[in-house]
Each structure stands twice: as structure tokens, then as C-alpha cells.
Amino acid sequence: MSTPPSLLVEDLAFAYPDGHQALFGVDLRIERGERVALLGPNGAGKTTLVLHLNGILRGGRGRVSVAGLDVGKRTLPEIRRRVGVVFQDPDDQLFMPTVGEDVAFGPRNLGLPEAEVAARVAEALDRVRMADAADRPPHHLSFGQRRRVAVATVLAMQPEIVVLDEPSSNLDPAGRRELAEVLDELPVTLLMVTHDLPYAAQLCPRSVVLDGGLVVADGPTAELLADAPLLAAHRLELPYGFSPRPAG
Amino acid sequence: MGAGHGGALATRYLPGSSAVHRLEPHLKLVAVLAFAVVVVATPVHAPWAPAAYGGYLLAVLTVAAVAGVGPGRLVRGLVVEVPFVAFAALLPFVARGPRVEVLGLSLSQSGLAAGGGLLAKATLSILAATVLAATTEPRALLRGLERLRLPQLLVQILMFMIRYADVVGGELQRMRVARESRGFTGGGVRGLRVVAATAGTLFVRSYERGERVHLAMLSRGYSGTMPSGPVAPADPRSWALALTLPLAAAAVLLTGMLLG
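Residue numbers (the working numbering), protein chains in the order written: chain A, 19 to 266; chain B, 15 to 274.
None of these hints come from the bench; they were simulated from the model.
Since the model is a prediction, treat every value here as computed from it, not as a measurement.
Hints are not guaranteed to be accurate.
Here are the computed distance ranges between Cβ atoms for each label pair [to be verified]:
(1) A:Ala31 x B:Tyr221: 52 to 62 Å
(2) B:Leu268 x A:Glu141: 51 to 61 Å
(3) B:Glu194 x A:Gly43: 24 to 34 Å
(4) A:Ala246 x B:Val218: 39 to 49 Å
(5) B:Met175 x A:Arg147: 22 to 32 Å
(6) B:Glu95 x A:Glu199: 47 to 57 Å
(7) A:Arg154 x B:Val182: 38 to 48 Å
(8) A:Lys91 x B:Gly205: 43 to 53 Å
(9) B:Thr199 x A:Gly43: 24 to 34 Å
(10) A:Arg147 x B:Ala248: 53 to 63 Å
(11) B:Leu167 x A:Gly43: 49 to 59 Å
(12) A:Arg154 x B:Gly84: 19 to 29 Å
(13) A:Pro22 x B:Glu194: 54 to 64 Å
Here are some of the chain A residues that sit facing chain B, going by a computed Cβ distance under 8 Å [what the hints assert, rightly or not]:
(14) Glu132
(15) Met175
(16) Tyr258
Even for Gly, the Cβ is constructed at its ideal location relative to N, Cα and C.
Taking the hints into account, I'd like the entire structure generated from these sequences.
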């Protein structure tokens, strides 16, 4: 039997209680170890989709499954371990008094023994190159460092898939490069929600374009970014002076 | 922003390695609370009360000296006492009973004693609390409260307050700068309206941030209780050290009661 995909979304539709319909039947399959960029204009339904992946939003049509496990009320604890969501503002994600305690928050929620928690905290901080910051309060760190710690907080749960919401926003060029280096070395499946097309091109071989609550394109990032009419139709724009190189 | 490197609420902390600094936070909390109870239990109208206050003062100043907390810091800690001072100063004028002439003013004798006692007790308790704040980091205080079995919900609320005081303060600061950059200069009724709008916006933003934080917590498996790390039991010597202050105060109180 082959391994199930890291993420499988089938015919997912969802309307908010106020009647606003955000998703109209999304299909998405991400294999284990893939790195995929989720592109799309504001209001395309990207955040709504992300909140379905770990079961924060449920109750619409369709199905989400993570490494073979369906998202449902009973599976929520395990789903939230398998799906690590890194939110856009690290100040939302880092709420404990010190970096180390914050990274330990997830593993402790899993009920792991303290020795295992300590080992995971050390490993996760090491992966994001913040090993020496464990005892520091988050507000002493730079924005880029806080974002990397936010990545560590989900890595400590040893997730099947890491979902990043606008990982490059508000970063200075050095912070952006440092984060890219960290992400590039992560041995996990990655789904990156972004407007930053060069960042997608740098890190993700495959991209998915979401617009109007539907997947409108899915393919190699270089090809999608070279398709000017497609980009224009979905309010995606390359920065001035950037020209995508086709794969190969 | 503008709150210093350690954050708005950490500015009261003086880093150090004195015996007082090293003491476990929950022991210090117990010591300060017990000290305050002894101080408050001192009968105001007893003739030996002023001597007892002197004894307490000596005890708390000794602890401050051991901890390396200077007089400047202690005086700044007393600023929170100002409302008490105003109330205490009022008592001699409004209380009934036999009156005495002081500088041509007719003052109530018992009001004078009550006001003086209130002031002395508040000052002593605040001095002890100031030493506690100066020798204990805010997050260590939280751990102490948690170990003393304060309800988790309260500890969590305090924890979020400490964590987000700077974030919200920073937002307020940026809103102020943005306001003034557009020529706003405060003052007057119009100014009040703008300040009220700012407060409202800040509240909504903080509320939304609270929702986002909660979402991020849920995403990491939060289920209502805050998982805490390992705790080492406090050894009897630390307890003995911590209880020196309240025991000294209790000795002063007992001496007064027996001799007075």
C-alpha cells in the first residue's frame, strides 16, 4: 500500500454564518515531502482554506484528510498535531513568557514526558537557528527571529505538514533570506500561503492558484509565473524587474 | 516602544544575585503576604503601635539592603500610595471624638491615630511589595502564583497581560505618532473625542488580537488548561530564609502585645 498524501482536500465548500460563501469546491492533493505555494489575491479564500486544514473551521461540504486521517471533531487533537499552522503575526503565535516555554506549549499539550518535551524544544529551536534564545522573552527578539521561533513552535509538534501564512511579510531582506534558508532545510511537507511570487519561486517547485473560492491553476511554479495572462486574470503580479525562469 | 528593553512591566525588576533574588518566587510571595498580615494586625490605638511600626520598618529595610534595592527605588515604589495618603490626611479632620490642637487646627485624636496607622501600614506593605517586585521577574512571579494554587484562569490572564502590555503599548504609541503627524495637538473637548476614538480602536484591535492568539493556541492543541513544566520542591532552608521577614515582624508584634 502506498503512503497516503500529506494533505487531501476534496470538494471543499464553505460559507460563513453571515452567508458569505468563501469556498466553492476546492480539490487539492499534496504528496508527502512536497513544497507547494498557495497563491491568490486577497479575498480568494486562502485563509478560509488554511483554517479548514486543522479543523478550526468545519461543517461545510467536502472532506479534508491529513496523512490518511479525516478532519473531524473526534480526530481534532491528532489533526492539530499533524498540521502545524504558522500564523502571519508572530506576536499572535508567541504568547508565553519565554521562547523555550512557547515552543514547549504544543508538545506539553500532547502530554509528552518532560524529557521528550525538552528534547523537542532543543531540536526545533536548533532547526530554525534560534537555539540560544530559549530563555529570552519573545519581545526581545527581532521580527525575523520571532517569525523563525513561530516556525519552531509548530516543528516541535513533529507535524506531517507545515502551513505558513505569508511567511515573508514584514521581513527585511536579510530576515527573508534567513527564513528561506531555514524553510529550505525542513524535512516536512510545506504549504506556503503568499503574495510574494519570487519567494514562492525560490522555495516551492509547485504552485496552486486559488481565486473566488476555487483552484484555478495548479502546476510548476516557474510555468505559472511565466503565464502572464493567468497572473493578470487573478490579480497576481511579479515585482518590477523580476523575470521568472522556466524550469530546466 | 519607549518602555525600555525589558518591557513595560519588567522595568520594576532590578537584576541581581542576592539571597533575596535567588529565593523561589512563591516563597517570597508568601513572605510578603504574611508580613502584610502581621502589619495590618497591629492595633492602631495601642500606645506601642508607633514603636512596632519602627520595628517593621527596620525589618523591611534590612531585607531591601540585603537585596541591594536602593532608597530611590523604594521611594518610587511608594508612588502608588498617593490615594491612601489623601484619604489618611482626611481622617483627622472628619473623625469624631476628643480633639487636639495642632498648628491652630482642631484635629480628632482618634482620627489622627487611625490616619497615621493607615499610612504606616500601607507604607510598610508597599515597601515589602516593592522589594518583591524589584527582586523577582514578572514571569517568575507568575510561576509563584501558579505554585500557590491561584486559579489557572487568573494566572493565564496575568500572563497574557505581561506578554502583551508592550505589544498593545506599541500600538498605542504608533497611533499617537500617526495622529500627531497629521497635526493633532490634543486638549479641549475635540481632543477628548479623538482620545476616546483611539481607546475604542485600541480595544477592538486588542480584542481581535485576542481572537487570533486563541486561534493560534487551538492550532497547537490547547484544550483549556495551560500545560506547565516541571517544578522542584522548595527545601526547608529556603522556607526558613523566606519566613525571616514575617517572623521578625511577628516577634515585634508579640513583644508589643506582651509589654504594652
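Taking the hints in turn, this is what the structure says about them:
1. With their beta carbons about 29 Å apart, Ala31 of chain A and Tyr221 of chain B fall outside the hinted range of 52 to 62 Å.
2. Restraint check, Leu268 of chain B to Glu141 of chain A: a C-beta distance of roughly 57 Å satisfies the suggested window 51 to 61 Å.
3. Roughly 50 Å separates the CB atoms of Glu194 of chain B and Gly43 of chain A, a value that falls outside the hinted 24 to 34 Å.
4. At roughly 40 Å, the beta-carbon separation of Ala246 of chain A and Val218 of chain B lies within the given 39 to 49 Å, and the hint holds.
5. Checked against the hint of 22 to 32 Å, the C-beta distance between Met175 of chain B and Arg147 of chain A comes to roughly 31 Å, which is consistent with it.
6. The supplied range of 47 to 57 Å is met by Glu95 of chain B and Glu199 of chain A, whose beta-carbon atoms lie about 54 Å from each other.
7. The supplied range of 38 to 48 Å is broken by Arg154 of chain A and Val182 of chain B, whose beta-carbon atoms lie about 20 Å from each other.
8. Take Lys91 of chain A and Gly205 of chain B: their Cβ atoms lie about 51 Å apart, and the range 43 to 53 Å holds.
9. Checked against the given bound of 24 to 34 Å, the beta carbons of Thr199 of chain B and Gly43 of chain A, roughly 55 Å apart, lie outside it.
10. Look at Arg147 of chain A against Ala248 of chain B: about 36 Å separates their beta carbons, and that is not inside 53 to 63 Å.
11. Under the hint 49 to 59 Å, the C-beta atoms of Leu167 of chain B and Gly43 of chain A, about 42 Å apart, miss the expected range.
12. Between Arg154 of chain A and Gly84 of chain B the C-beta distance comes to about 27 Å, which sits within the given range of 19 to 29 Å.
13. At roughly 57 Å, the beta carbons of Pro22 of chain A and Glu194 of chain B sit within the given window of 54 to 64 Å.
14. At a threshold of 8 Å, the smallest CB-CB gap from Glu132 of chain A to chain B is about 5 Å, leaving the interface hint in force.
15. A cut of 8 Å between beta carbons decides the hint on Met175 of chain A: the least distance to chain B is about 7 Å, and the hint holds.
16. Violation of the interface hint for Tyr258 of chain A is found here, the shortest Cβ-Cβ separation to chain B being roughly 28 Å, above the 8 Å cut-off.
Going through the hint list in order, the structure does not satisfy hints 1, 3, 7, 9, 10, 11, 16.
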